[in-house]
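There are 2 protein chains.
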Amino acid sequence: MLLKVKFLNLFAGRPVAIMHSRTAKKLAVYVNERVRIKKKGNNDIVAIVDIATGILHEDEIALSGEIIQELGLRENDVVEISAAPKPKSVEYINEKLNDKKLSYEKILSIMEDIVDNSLTEAEIAYFVSGVHINGMDIEETVDLTRAMVKTGKILGIRCSVDKHSIGGVPGNRTTPIIVSICCSTGLIMPKTSSRAITSAAGTADVIECLAEVEFSIEKIKSIIKKTNGCLVWGGALGLAPADDKIIQVERLLSIDSDAQLLASILAKKMAVNASHILIDIPFGENAKVTKQGAIELAKKFKKIARKLKLNVETVLTDGKEPIGNGIGPVLEAKDVISILKNDKNRPLDLEKKSIMLAGKILEMAGKAKKGRGEKLALEILNSGKAYQKFRQIIEAQNGSLKNLDKKLKLARLSRDIPAAKAGTVIEINNKAISAVARAAGCPAEKQAGVYLNVHNGYNVKKGQPLMRIYAETEEKIDFALEALKNLNPIKIQ
Amino acid sequence: MLLKVKFLNLFAGRPVAIMHSRTAKKLAVYVNERVRIKKKGNNDIVAIVDIATGILHEDEIALSGEIIQELGLRENDVVEISAAPKPKSVEYINEKLNDKKLSYEKILSIMEDIVDNSLTEAEIAYFVSGVHINGMDIEETVDLTRAMVKTGKILGIRCSVDKHSIGGVPGNRTTPIIVSICCSTGLIMPKTSSRAITSAAGTADVIECLAEVEFSIEKIKSIIKKTNGCLVWGGALGLAPADDKIIQVERLLSIDSDAQLLASILAKKMAVNASHILIDIPFGENAKVTKQGAIELAKKFKKIARKLKLNVETVLTDGKEPIGNGIGPVLEAKDVISILKNDKNRPLDLEKKSIMLAGKILEMAGKAKKGRGEKLALEILNSGKAYQKFRQIIEAQNGSLKNLDKKLKLARLSRDIPAAKAGTVIEINNKAISAVARAAGCPAEKQAGVYLNVHNGYNVKKGQPLMRIYAETEEKIDFALEALKNLNPIKIQ
Numbered sequence: 000m001l002l003k004v005k006f007l008n009l010f011a012g013r014p015v016a017i018m019h020s021r022t023a024k025k026l027a028v029y030v031n032e033r034v035r036i037k038k039k040g041n042n043d044i045v046a047i048v049d050i051a052t053g054i055l056h057e058d059e060i061a062l063s064g065e066i067i068q069e070l071g072l073r074e075n076d077v078v079e080i081s082a083a084p085k086p087k088s089v090e091y092i093n094e095k096l097n098d099k100k101l102s103y104e105k106i107l108s109i110m111e112d113i114v115d116n117s118l119t120e121a122e123i124a125y126f127v128s129g130v131h132i133n134g135m136d137i138e139e140t141v142d143l144t145r146a147m148v149k150t151g152k153i154l155g156i157r158c159s160v161d162k163h164s165i166g167g168v169p170g171n172r173t174t175p176i177i178v179s180i181c182c183s184t185g186l187i188m189p190k191t192s193s194r195a196i197t198s199a200a201g202t203a204d205v206i207e208c209l210a211e212v213e214f215s216i217e218k219i220k221s222i223i224k225k226t227n228g229c230l231v232w233g234g235a236l237g238l239a240p241a242d243d244k245i246i247q248v249e250r251l252l253s254i255d256s257d258a259q260l261l262a263s264i265l266a267k268k269m270a271v272n273a274s275h276i277l278i279d280i281p282f283g284e285n286a287k288v289t290k291q292g293a294i295e296l297a298k299k300f301k302k303i304a305r306k307l308k309l310n311v312e313t314v315l316t317d318g319k320e321p322i323g324n325g326i327g328p329v330l331e332a333k334d335v336i337s338i339l340k341n342d343k344n345r346p347l348d349l350e351k352k353s354i355m356l357a358g359k360i361l362e363m364a365g366k367a368k369k370g371r372g373e374k375l376a377l378e379i380l381n382s383g384k385a386y387q388k389f390r391q392i393i394e395a396q397n398g399s400l401k402n403l404d405k406k407l408k409l410a411r412l413s414r415d416i417p418a419a420k421a422g423t424v425i426e427i428n429n430k431a432i433s434a435v436a437r438a439a440g441c442p443a444e445k446q447a448g449v450y451l452n453v454h455n456g457y458n459v460k461k462g463q464p465l466m467r468i469y470a471e472t473e474e475k476i477d478f479a480l481e482a483l484k485n486l487n488p489i490k491i492q
Numbered sequence: 000m001l002l003k004v005k006f007l008n009l010f011a012g013r014p015v016a017i018m019h020s021r022t023a024k025k026l027a028v029y030v031n032e033r034v035r036i037k038k039k040g041n042n043d044i045v046a047i048v049d050i051a052t053g054i055l056h057e058d059e060i061a062l063s064g065e066i067i068q069e070l071g072l073r074e075n076d077v078v079e080i081s082a083a084p085k086p087k088s089v090e091y092i093n094e095k096l097n098d099k100k101l102s103y104e105k106i107l108s109i110m111e112d113i114v115d116n117s118l119t120e121a122e123i124a125y126f127v128s129g130v131h132i133n134g135m136d137i138e139e140t141v142d143l144t145r146a147m148v149k150t151g152k153i154l155g156i157r158c159s160v161d162k163h164s165i166g167g168v169p170g171n172r173t174t175p176i177i178v179s180i181c182c183s184t185g186l187i188m189p190k191t192s193s194r195a196i197t198s199a200a201g202t203a204d205v206i207e208c209l210a211e212v213e214f215s216i217e218k219i220k221s222i223i224k225k226t227n228g229c230l231v232w233g234g235a236l237g238l239a240p241a242d243d244k245i246i247q248v249e250r251l252l253s254i255d256s257d258a259q260l261l262a263s264i265l266a267k268k269m270a271v272n273a274s275h276i277l278i279d280i281p282f283g284e285n286a287k288v289t290k291q292g293a294i295e296l297a298k299k300f301k302k303i304a305r306k307l308k309l310n311v312e313t314v315l316t317d318g319k320e321p322i323g324n325g326i327g328p329v330l331e332a333k334d335v336i337s338i339l340k341n342d343k344n345r346p347l348d349l350e351k352k353s354i355m356l357a358g359k360i361l362e363m364a365g366k367a368k369k370g371r372g373e374k375l376a377l378e379i380l381n382s383g384k385a386y387q388k389f390r391q392i393i394e395a396q397n398g399s400l401k402n403l404d405k406k407l408k409l410a411r412l413s414r415d416i417p418a419a420k421a422g423t424v425i426e427i428n429n430k431a432i433s434a435v436a437r438a439a440g441c442p443a444e445k446q447a448g449v450y451l452n453v454h455n456g457y458n459v460k461k462g463q464p465l466m467r468i469y470a471e472t473e474e475k476i477d478f479a480l481e482a483l484k485n486l487n488p489i490k491i492q
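Chains R and D, in that order, are what the protein sequence lines are. Read left to right, the first sequence gives residues 0 to 492 (numbering that gives the first Met the number 0). Read left to right, the second sequence gives residues 0 to 492 (numbering that gives the first Met the number 0).
Careful: at least some of the hints might be erroneous.
Copies of the same chain are indistinguishable here, so a pair counts whether it falls within one copy or spans any two.
Listed next, the in silico BS3-like pairs over lysine-lysine satisfying Cα-Cα at most 27 Å (straight line) [what the hints assert, rightly or not]:
id : residue 1 : residue 2
1  : K85       : K244
2  : K244      : K87
3  : K244      : K24
4  : K99       : K319
5  : K406      : K484
6  : K351      : K340
7  : K38       : K24
8  : K351      : K290
9  : K225      : K408
10 : K24       : K5
11 : K430      : K99
12 : K401      : K24
13 : K100      : K430
14 : K460      : K99
15 : K244      : K100
16 : K490      : K87
17 : K25       : K87
18 : K24       : K405
19 : K290      : K99
20 : K484      : K100
21 : K290      : K490
22 : K484      : K85
23 : K420      : K302
24 : K484      : K369
25 : K405      : K37
What the hints contain is simulated information worked out from the structure, not anything from laboratory work.
Hey, can you work out the whole structure from these sequences and the hints?
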């Protein structure tokens with residue numbers, strides 16, 4: 000059926016096609032069913048049906064922003080609409096939910112339908128649940144990785160280095176520092192990051208305070224040509240796009256399953272053709288994994304990397320408390336800049352870890368001899384070269400480091416949290432601190448978050464501020480205070 | 000924030016609030032987050048945020064039909080909108096997904112948020128997955144049942160009888176026949192049914208071909224007063240409404256988990272205050288349960304019923320092939336009427352099973368002595384009293400049995416499926432037949448489905464039609480033929 004496109008400037012978080020009830024009847028589709036939309040000469044796209052008889056004629060269709068963009072539509076363009084059957088991959092999702100092992104073909108079909116928008120969020124949630132509870136074995140995880148790469152674009156540069164942290168430690172914004180150091184030595188490091196899943200901020204959220212992070216493949220290549228690196232959001236690049244949609248659905252429940260984590264990381268690295276990959280696995284109480292878990296995860300990385308012919312090294316790091324002082328996109332951007340500028344009050348724990356990881360990459364890639372990487376990394380940082388490189392990348396990404404006070408302005412409201420008694424800080428709970436920062440509005444509100452005044456081992460007086468909460472509204476301050484009360488993240492003895 | 004309601008006549012399958020991007024920014028909410036909508040003096044309701052700047056001013060909000068109805072809104076009414084935080088129950092869903100046992104309070108909180116629309120379909124899908132894979136023990140299932148009853152209305156009549164089939168057998172439309180027989184004897188049988196989950200039709204879908212099935216509690220009571228019974232859709236009644244939403248999400252993946260099944264059935268029975276409940280558990284290859292599974296399920300029913308102080312009997316029936324000839328709402332309505340009218344070509348298997356179940360209920364409720372129920376049921380059927388009672392109920396539900404040819408018109412297109420060889424029918428696969436009927440458009444398209452010309456043990460010639468497929472479009476005929484080719488539901492030897 001041919002219909003005329005009407006613009007409503009609609010963003011629904013999923014591709015939606017709104018039509019008159021009689022139009023839906025003629026197509027024999029119902030609310031929440033799927034239609035295929037085709038513009039002459041273009042690819043087609045699948046959307047979910049909504050019905051609105053108040054604003055549309057029978058020969059019109061309103062499409063959400065994603066579709067308009069994807070098909071390059073203009074108002075009154077004519078598109079062909081047909082009923083789309085429930086995709087075959089729904090059956091395969093059901094199999095995973097019933098603890099069956101999936102073949103590469105079935106996993107590929109699920110990834111294709113995710114990328115294609117043929118699966119609803121609820122259906123993707125079923126897939127996530129199946130993988131989360133029933134797990135995937137090494138072979139399935141390898142296949143998941145391959146399918147994620149296959150259904151996305153690839154960067155198409157010769158050879159590069161890359162790093163990734165499995166996360167779980169608030170703050171811990173090592174990536175911009177490592178990229179700045181490594182790219183100063185001539186290494187190519189096209190860093191693509193995801194946004195926050197269960198945390199208060201991801202690297203992409205942090206960089207977005209200073210520059211754009213969403214670019215086309217072509218633009219990325221020109222940024223890399225200029226600067227040797229980039230600090231961009233992987234999702235907008237279209238590398239392993241299935242992963243980004245899965246993460247969006249995982250985020251609803253703060254889920255992050257093993258197989259999905261492994262595949263997600265390695266697929267992004269394969270898509271940028273990384274020849275040397277360093278994986279940071281923070282472990283400890285309240286980190287994502289225990290020491291034993293970290294050892295097992297490292298083994299899985301090695302096994303899967305071998306099957307995928309990737310050169311992967313893992314490093315197990317202390318993840319028992321937040322690293323750096325700021326938690327939240329703007330607060331973490333401030334930490335990063337203070338280290339790159341060698342400010343007096345920069346967070347030394349974050350600096351030390353960044354130097355260690357950068358050193359390893361320099362050694363892996365042959366820029367430093369075994370055991371000499373850290374020294375080289377520190378020299379580059381102290382010389383100001385890393386800061387210059389960071390500025391270069393930020394500027395290449397249409398940002399700047401001017402007017403930082405304005406760019407890195409914190410949320411309107413803040414609240415200091417005093418120590419309930421005098422003593423020594425013996426625990427700062429990662430998950431609880433993240434929960435407080437999220438309650439305050441992170442990651443959606445970049446200027447919100449938590450600033451830590453203390454770390455493990457600090458001695459405090461009664462009433463001395465332990466942290467400061469930043470939020471945009473009184474309501475969110477209250478949410479954060481409630482989370483704080485329930486979770487009691489900082490323990491003093 | 001106060002906003003003016005604009006009408007778009009929008010139905011999105013979920014409560015949606017559409018606002019201008021600047022309005023969303025002021026509220027500090029994003030696409031897919033939640034807002035609470037309050038009309039002065041009314042209950043409030045939670046909705047999912049969509050953004051559309053093309054059709055709305057900053058001081059306006061467009062709400063989907065469900066919300067307009069629930070809050071009784073008129074165009075230009077002013078409503079108060081505030082950001083709603085992620086509900087607490089998301090945490091409890093996460094616990095079930097991670098195989099923790101849930102307390103009554105946590106289950107109640109999930110049910111409240113489902114009824115309240117505070118949970119998205121994807122979040123409900125996570126709950127369904129957790130229950131499906133990790134299961135619920137007897138105590139949790141009892142609590143789930145109680146929470147479903149607690150979050151809904153109750154019918155408030157003194158005492159009634161009820162029956163339920165766990166399903167899984169296509170055709171098998173015994174309910175209208177049993178209700179007609181039982182109500183003829185003066186028993187009160189307020190039958191509420193769900194729509195199809197994994198099948199081609201539910202009783203509500205079938206009755207809807209002849210009468211309305213959605214009524215208020217008050218109207219239901221007046222129907223019962225007139226006729227002793229009713230044949231309505233449980234969802235519209237608001238009895239255990241959480242169950243209906245869960246079923247809606249289960250339907251996406253054709254899931255139907257044990258705990259959910261038990262709670263779903265018993266909650267509806269508690270809400271209508273049933274004093275005697277008969278549960279039909281069809282078993283066999285390609286039924287929902289094996290014989291062993293049926294025995295275990297019957298035990299669970301007894302255990303849970305005891306804790307809930309319900310008088311439940313179970314009957315295990317042969318579920319290895321479809322019962323009756325028609326599969327699909329209209330086709331099944333035709334079968335039911337042919338039995339009630341004692342037509343020559345009525346499906347005798349369906350009649351026999353209906354008589355058996357009705358007989359048991361008559362015995363349970365003291366209308367017949369032990370062993371005499373079936374005889375009484377058959378007498379009532381043959382006397383025409385059951386048909387009169389059925390007509391009375393249909394008319395009380397604003398329907399009629401006049402012009403049946405027009406009302407029970409089948410789909411525009413049909414296709415006979417010939418036997419590939421001569422021989423004896425040795426298997427008719429329930430799941431495969433359902434899949435074919437669903438591919439043809441069931442249950443959404445009532446006039447679609449499958450008519451079976453044969454049952455197990457029939458001898459057929461090569462080329463003799465085994466079944467006829469009905470569908471509204473060539474596309475759906477093709478879907479059904481493809482399902483048929485893949486699944487080969489009828490085996491001949």
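A quick look at each hint next to the structure:
1. K85 with K244: both (19 Å within a copy, 20 Å between copies)
2. K244 with K87: This pair counts as both: shortest intra-copy Cα distance 19 Å, inter-copy 24 Å.
3. K244 with K24: between (31 Å within a copy, 24 Å between copies)
4. K99 with K319: For K99 and K319, only the inter-copy Cα distance (25 Å) is at most 27 Å; the intra-copy one is 36 Å.
5. K406 with K484: So K406 and K484 fail the 27 Å test inside a copy (31 Å) and across (62 Å) alike.
6. K351 with K340: within (15 Å within a copy, 86 Å between copies)
7. K38 with K24: within (22 Å within a copy, 33 Å between copies)
8. K351 with K290: within (21 Å within a copy, 65 Å between copies)
9. K225 with K408: Answer is neither: 29 Å inside a copy and 70 Å across each miss the 27 Å cutoff.
10. K24 with K5: For K24 and K5, both the intra-copy (19 Å) and inter-copy (25 Å) Cα distances are at most 27 Å.
11. K430 with K99: between (32 Å within a copy, 19 Å between copies)
12. K401 with K24: between (57 Å within a copy, 26 Å between copies)
13. K100 with K430: Cα proximity of K100 and K430: across copies only (22 Å, versus 32 Å in one copy).
14. K460 with K99: neither (57 Å within a copy, 39 Å between copies)
15. K244 with K100: within (22 Å within a copy, 30 Å between copies)
16. K490 with K87: So K490 and K87 pass the 27 Å test across copies only (24 Å; inside, 51 Å).
17. K25 with K87: within (24 Å within a copy, 42 Å between copies)
18. K24 with K405: between (54 Å within a copy, 19 Å between copies)
19. K290 with K99: Answer is between: at 23 Å across copies they meet the 27 Å cutoff, but 30 Å inside does not.
20. K484 with K100: between (43 Å within a copy, 25 Å between copies)
21. K290 with K490: within (22 Å within a copy, 56 Å between copies)
22. K484 with K85: between (46 Å within a copy, 18 Å between copies)
23. K420 with K302: Answer is neither; intra-copy 49 Å and inter-copy 52 Å both fail.
24. K484 with K369: Intra 48 Å, inter 63 Å, cutoff 27 Å: neither.
25. K405 with K37: So K405 and K37 fail the 27 Å test inside a copy (45 Å) and across (37 Å) alike.
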